[in-house]
Amino acid sequence: MADSEVLVRVENLVKHFPITRGIIIQRQVGAVHAVDGLTFDIYKGETLGLVGESGCGKSTTGRTILQLYRPTSGSVHFEGVDLVKLKGEDLRRMRRRMQMIFQDPYASLNPRMTVGEIIGEPLIIHNVARGREVQERVEHLLELVGLNPAYANRYPHEFSGGQRQRIGVARALALQPSFIVCDEPISALDVSIQAQVVNLLEDLQQEFGLTYLFIAHDLSMVRHISNRVAVMYLGVIVELASRDELYNHPLHPYTQALLSAVPIPDPAVEKKRKRIILQGDVPSPVNPPSGCRFRTRCPLAAEICKEVKPEWREVSSGHFVACHMV
Amino acid sequence: MGRYIARRLIYLLVVLFVVSAITFGLMHAVPGGPFDREKALPPEIIENLNRRYHLDEPLLMQYGRYLYDVFIPRISATPPKGSVDDDFLITVKLGNVWFKWMNFGPTYSSRSRTVNDIFRQQLPVSAQLGIMALLVAIIIGMPLGILAALKQNTIFDYLGMSVAIFGVSVPVIILGPIMIWIFGVTLKWFPPTGWGAKPPFVLGIFPRELGPEFFRYAIMPSVALGLGSSAIIARLTRASLLQTMREDYIRTARAKGLRESLVIVRHALKNSLIPVVTILGPLFAALVTGTFVTEVTFGIPGMGRYFVTSITNRDYPVIMGTILLYALILVIANLVVDIVYAYLDPRIRYD
Amino acid sequence: MRTKLFLLISVLVLASLVLGACQPAAPTPETIIQTVVVEGTPREVVVTATPAPAAAGPKVLRLNMGPGDIPTLDPALATDTSSTQIIELTSVGLTRQDEETADVLPGMAESWDVVNNEDGTQTMTFHLVSGIPWVRWNGKEVEQVLDCEGNPRYVTAYDFEYGILRTLKPETASDYAYVLGFAIKGADAYNAGETDDPTTVAVKALDEKTLEITFKEQAAYNVNIAGMWVAHAMPKWLIEGDDCTEARGDKWTETGFFQGYGPYTLKEWVHDSYITLVKNPFWPGLPSVPVAKIDEVTWTMLDEVPAFAEYEAGNLDVAGVPLADIDRVKADPELSQQLVIGPVMCTYYYGFNTKAKFVDDPRVRRALSMAIDRQSLIDNVLKGGQEPAQWFSRPGLTGAPTPEKYPDLGVKFDPEKAKAELQSYLDEKGLTLADLDITLMFNTSSGHQKIAEAIQQMWKEYLGLDVKLANQEWKVYLKTIRDPQATPQIWRLGWCQDYPDANNFLREVPTKGGSANPAEGGGFNWENPKFEELVVQAARETDPQKRVDLYAQAEQILVYEDAVMIPIYWYTRVTVTKPYVQRTFSVLGGLEHIEKWDITQ
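Going down the list, the protein sequences come from chains C, S and Y.
When we follow the UniProt record's numbering, the leftmost residue of the first sequence carries the number 1, and every step to the right adds one.
When we follow the UniProt record's numbering, the leftmost residue of the second sequence carries the number 1, and every step to the right adds one.
When we follow the UniProt record's numbering, the leftmost residue of the third sequence carries the number 1, and every step to the right adds one.
Derived by calculation from the structure, the hints in this document are not laboratory data.
Glycine is no exception: its CB is placed at the ideal position from the N, C-alpha and C atoms.
Among the hints, a few may not be true.
Computed footprint of chain S on chain Y, listed as stretches where at least three residues anywhere in the stretch have a Cβ under 8 Å from a Cβ of chain S [unchecked claim]: (1) 240–254; (2) 270–281; (3) 291–298; (4) 305–314; (5) 486–500.
DSSO-like cross-link-like pairs, simulated, lysine-lysine; straight-line CA separation at most 27 Å [to be verified]: (6) K81/S <-> K204/Y; (7) K460/Y <-> K357/Y; (8) K39/S <-> K267/Y.
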């Protein structure tokens, strides 16, 4: 894996949302530290899982990588180009290559447009296809995601949740991107449908050689689909490793706590397993704790954790962790 | 959709019937009659007047007569006599008979005129002013609201919303004379008062000549009247657009690589229009049936005055006519709004 | 250097052209100095812009009628001044009042004979002017109306007979039929439907030139009533139709149908917008009604405020001055020259329900009346140059006393005397001021409210009396003050002349059965035989000075001895007129005789 070609390189990515006051003259009185210095690579053809509790900055990370939010600082190199430095037309052109599948299949499709319009729109505006060709491409895409091509004239509200997410997938695929951020694509779906959509994503990855950043809070689904997994807590990544390494040898106390909460489908193991219950609530991202972000809830916290921010280290090949206690 | 519209039209008839009954009951329940004057008339004179207008009959009979005259079409072999008692809004010659429908009766305060005359001569003027004002309201209000929403919490937002609050809080009764003074009397850009079209009107509503002369007269009152409504539209557009801009599908559109202007126009605006369209129905009905203050301020021969004077004068046929007309236009405007909904939002279906 | 100068001059010339174009066509000649740069030195060329020649074009007068449509142009149906203004210009009565002196002059009747009959009635025989044609506007010009034989129709005594009988006919439902019913023998019975035989009405055309009318009483005002608009000639063929004319019924007064015979005739009536009269070229001129000098008169139907704006913009020649602008107009050197405050034959008053508690004693009523500082009310609240009223009948009416001749008549502001009167009442009844519970009611309007509040304040200040105020919507109010039970202690009304004679005020309003004193109760709730006798006697009196004396005695009873009414102010009209309009000022409640006006440049 280490020799694989890097598709996306994220360095020191920071996204702060300012909090302002004042009516005519706006003063910044603080900031939400949603993403606070991320550094990682995504390799071509892999699926990188990104897990964490809600509010930890997973979705912000995905959107900031795709420049749907402009980062406060840091860089995102995609196919060697720093997206952060791109603007306007150049950035729009790059969007052909990177797409996103959204969490809420209900809200993320414009209710006023037909499925055909939703999927076809990017083709037209990027001058990929026109006229009759658009229609053919739309029908082909629908077929690809397992929907009846005749549905192109229908409106999103006429579909079920799973079908809508397939539409969302078709839409993301339309421009033949190389990289797709899947922002919790299945968490709004019924459990019975979730697997179908995940399988679809896997099939498409096979077929088109896609690279995924798969954002989820469901560890088991991430384990299923990912090659590598990153664990995020309060705006920072605390641990990153290959799937098996992470699930078998979690090093960070937060990762350990997360994994201990996942039920294991083996009653014998499940019985012996010790669950780690975290104390307290997630601190506010407006005022994150000093030193290690996790120290307020960490069972292993020591004095150093308060004063020194733990270093992002590679403890074994491809296994990164940020913890003083490891 | 066809069945839905048909059902709504039947419902419209019911509404008109109920409105007519309530109005008729109320106006006769209020003390004072049309012939109570500051100079009291002798009883014999009042008797003659009551007999002339059938006010000596029992109330139920008067109401029946009214409904019969207004709603029941007649076929007669002779052409209408042209008197104030025989004036039908719709008179068509079919072969050698005359089809006549909707006689709203004579007015008590203008003895040579009928309520239908007011509909023919004053309503079109009010409608022209109302439509122009509505256009002004939309042309000013929507961009202001969009600008305020897109530049939320910036100087544009505050400026735009200040203009909106100004529009709501400075009524025509103050704004009108100021405009007349500045643009009519001092600068002489526009005629201070009056209206640039007079009856008869094309298709019963349009001015015969829609030239610069018409607009010279129409601009000041339309702006004065439209400004208040533009404020409503601006605030509504802003609120609705702000809401829409937070929707997920807007992010989807951005992710597709759409230009921001296209994101706003194609995805955000159309979706944020629904609440704005909702207000346009009643606004349209209120504006086209005449606005008393604007018409008096700018000396426009519209219908607004009749809504007010008919009640103070107890001019029963005019009260009935104006209220029924207003109800009719309101219900139809709302029906149109509902139909426009279906176009704006495919999730809405009627059957 | 030269090019720069050229540029500058070009810009100036252009600017003057553009500015000139923005102005409405100026009637005065205008000289534009154009500088043309010819090879070498600049040279000035004088170009005279020729305005439309003032003398050649038609003379057009632009007036304002006030807001709202004119109710009617039908003489039989008219009740208000805007209707009668048009009617008095498009047709002429048997007699016609001089609008400045209110004297009755011959109109369509060049003379009349009066015979006092033994039964107390009076027969008047009117001799009509002949050769005055009926005319109409045919869309292009004024033309004579022709009969079925193709001969011009002239105004005859039969047309007058028809007009009077049409007004009286119950089916016509004329409001003002009662004025004729009250004066002409047999008229009220026919109008009330007691008989359907019109020949029972004592109006008879003896021939085309002679009309005989018998009046119930030998009264001075009979000749006045004969000239009223309800007794004008009316075109029977047009209203009812004949062999060659389509019947127009109620619609005969609309544009295109209308026929008349006055100094002007109707050209266009755009309802709620404006009305235009055009000079009648077939009007021969009468001593009291000369041939018109102005070719066209247009009245807009604007509220006072926009009308005044149009006046200032130069689009109206005469306008009323809104209250808010009066101080500015008075201070403006130009406008103040155009300002005229003239009398209007109306009186604003408060009436007492003389049967109601506390105000059933004349001392209380007198005290309330004398405690009103009318001049202060006019100066501080009304501001329109109104005159403080000492009695009811507006000076200027025939027979009405004038303050010049009767300076001490009636009631005046006298706080000392007012206090004494009230104290004498309180002492006699053993009451205190706090026991008096008095309510003043008026119809809902900000104007009446302001006046009532000012007067409430005066009563508090000069008498120490707290009076409550109440108001009701107009028509509800009218019912209330004519209700025997509900009539409040003090109420408000005004009265304007129908015809300019004190009889129209003193005999038709406060007498028992009069407009403000219903026979069945309500209103004043008052009857004084002495007063009733005086006003009847005055009506019959032929000596003008004796008449005024009789009315003065009646007034003294009405506003002082019995004090059933508090006269507050006499109306005035505040108008501005452009200096190029040569005009008369009517005292007839705004009824102008525009045939006497002219426009000079």
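**Asked** If you check each hint against the structure, which ones fail?
**Response** Hints 3, 6, 8 contradicted; others consistent.
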